[in-house]
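J.: Chain by chain, the residues:
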Amino acid sequence: EPEVTQTPSHQVTQMGQEVILRCVPISNHLYFYWYRQILGQKVEFLVSFYNNEISEKSEIFDDQFSVERPDGSNFTLKIRSTKLEDSAMYFCASRPGLLESNYGYTFGSGTRLTVV
Amino acid sequence: QKEVEQNSGPLSVPEGAIASLNCTYSDRGSQSFFWYRQYSGKSPELIMSIYSNGDKEDGRFTAQLNKASQYVSLLIRDSQPSDSATYLCAVNRFFWNNDMRFGAGTRLTVKP
Chain U
1 EPEVTQTPSH QVTQMGQEVI LRCVPISNHL YFYWYRQILG QKVEFLVSFY NNEISEKSEI
61 FDDQFSVERP DGSNFTLKIR STKLEDSAMY FCASRPGLLE SNYGYTFGSG TRLTVV
Chain W
1 QKEVEQNSGP LSVPEGAIAS LNCTYSDRGS QSFFWYRQYS GKSPELIMSI YSNGDKEDGR
61 FTAQLNKASQ YVSLLIRDSQ PSDSATYLCA VNRFFWNNDM RFGAGTRLTV KP
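Residue numbers (our numbering), protein chains in the order written: chain U, 1 to 116; chain W, 1 to 112.
Hints listed in this document are in silico derivations from the structure and should not be mistaken for laboratory results. Every residue, glycine too, gets a C-beta built ideally from N, C-alpha and C. Heads up, some of the hints might be wrong.
Stated by the list, open to error - A few chain W residues facing chain U, derived, Cβ under 10 Å:
hint, residue
1, L11
2, V13
3, E15
4, S32
5, A104
6, G105
Unchecked claim - Here are the simulated DSS-like pairs of lysine-lysine, each with C-alpha atoms no more than 25 Å apart in a straight line:
hint, chain 1, residue 1, chain 2, residue 2
7, U, K83, W, K42
8, U, K57, U, K78
9, U, K57, W, K56
10, W, K67, W, K56
11, W, K67, U, K78
12, U, K78, U, K42
13, U, K57, W, K42
14, U, K83, U, K57
15, U, K42, U, K57
16, W, K56, U, K78
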């Protein structure tokens, strides 16, 4: 069964450092997402990406965050200057085209980001 | 007002019983509704999707949707200990807006 792949599984970084979280969505999917889940809290939407541009972002996704699809397969989330409160599990997700809007997203296994 | 609300639980049922999980949403224009299961430390896993009023059954799972009441539920029949997890309700707000918002989840424990 096709998978969404995320790397690394765990990233530890010092406060103020830049991190890049990587995702390989399912190959024929068109919509890509980043969500985060702080330990013990709900899954929160960060950003959606379609046709090589951001289609929607939440209030969490401020200037410290950026996304990119540098080639035909990878989808990255960059945090420029990490803060302690960025510590969370970050999930990448993808889904097929808009006509299949009733299909749920497929989530990757997540990257646990720890900012120290 | 929270976009998607769930009773946080924890909900505990004996093995073999029916577990009932509930969710309400605030945006009347919401189009698609999903139930995800999340084991501790793992990513959400899709169980059911529903977009029309009424019931939708898949094995031991039944999703129920009532758009007039802005209410969606999940029934798990013949609950098993392996069903113990957090169940997340998720809603696609609008057809043309393709992001999905989650509730906080209901933690379910099925006791042998």
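J.: Could you run down the list of hints and mark each one as holding or not?
T.: Evaluated hints:
Taken as an interface hint, W/L11 does not check out: its beta carbon lies about 17 Å from the nearest beta carbon of chain U, beyond 10 Å. Interface restraint check for W/V13: the shortest CB-CB distance to chain U comes to about 23 Å, outside 10 Å, so the restraint is violated. The beta carbon of W/E15 comes no nearer than 27 Å to any beta carbon in chain U, farther than 10 Å, and the hint placing it at the interface is violated. About 5 Å separates the beta-carbon of W/S32 from the nearest beta-carbon of chain U, less than 10 Å, and the hint is met.
With its C-beta approaching chain U no nearer than about 4 Å, W/A104 sits inside the 10 Å limit, and its interface hint holds. The interface hint given for W/G105 holds, since its Cβ lies 6 Å from the closest Cβ of chain U, which is under the 10 Å cut-off. Between the alpha carbons of U/K83 and W/K42 the distance comes to roughly 23 Å, so the proposed pair stays at or under 25 Å and holds. Proposed proximity of U/K57 and U/K78 is supported: the alpha carbons are some 14 Å apart, at most 25 Å.
Taking the CA atoms of U/K57 and W/K56, the gap is about 32 Å. The hint is violated against a cut of 25 Å. About 14 Å separates the Cα atoms of W/K67 and W/K56, which keeps this hinted pair within 25 Å; it holds. Between W/K67 and U/K78 the alpha-carbon distance is near 38 Å, which puts this suggested pair outside the 25 Å criterion. About 21 Å separates the Cα atoms of U/K78 and U/K42, which keeps this hinted pair within 25 Å; it holds.
This hinted pair checks out: U/K57 and W/K42 have alpha carbons roughly 24 Å apart, not beyond 25 Å. Taking the CA atoms of U/K83 and U/K57, the gap is near 19 Å; set against the 25 Å cutoff, the hint holds. For the hint pairing U/K42 with U/K57, the CA-to-CA distance comes to about 17 Å; that is within 25 Å, so the pair holds. As the CA atoms of W/K56 and U/K78 are separated by approximately 40 Å, the hinted pair breaks the 25 Å bound.
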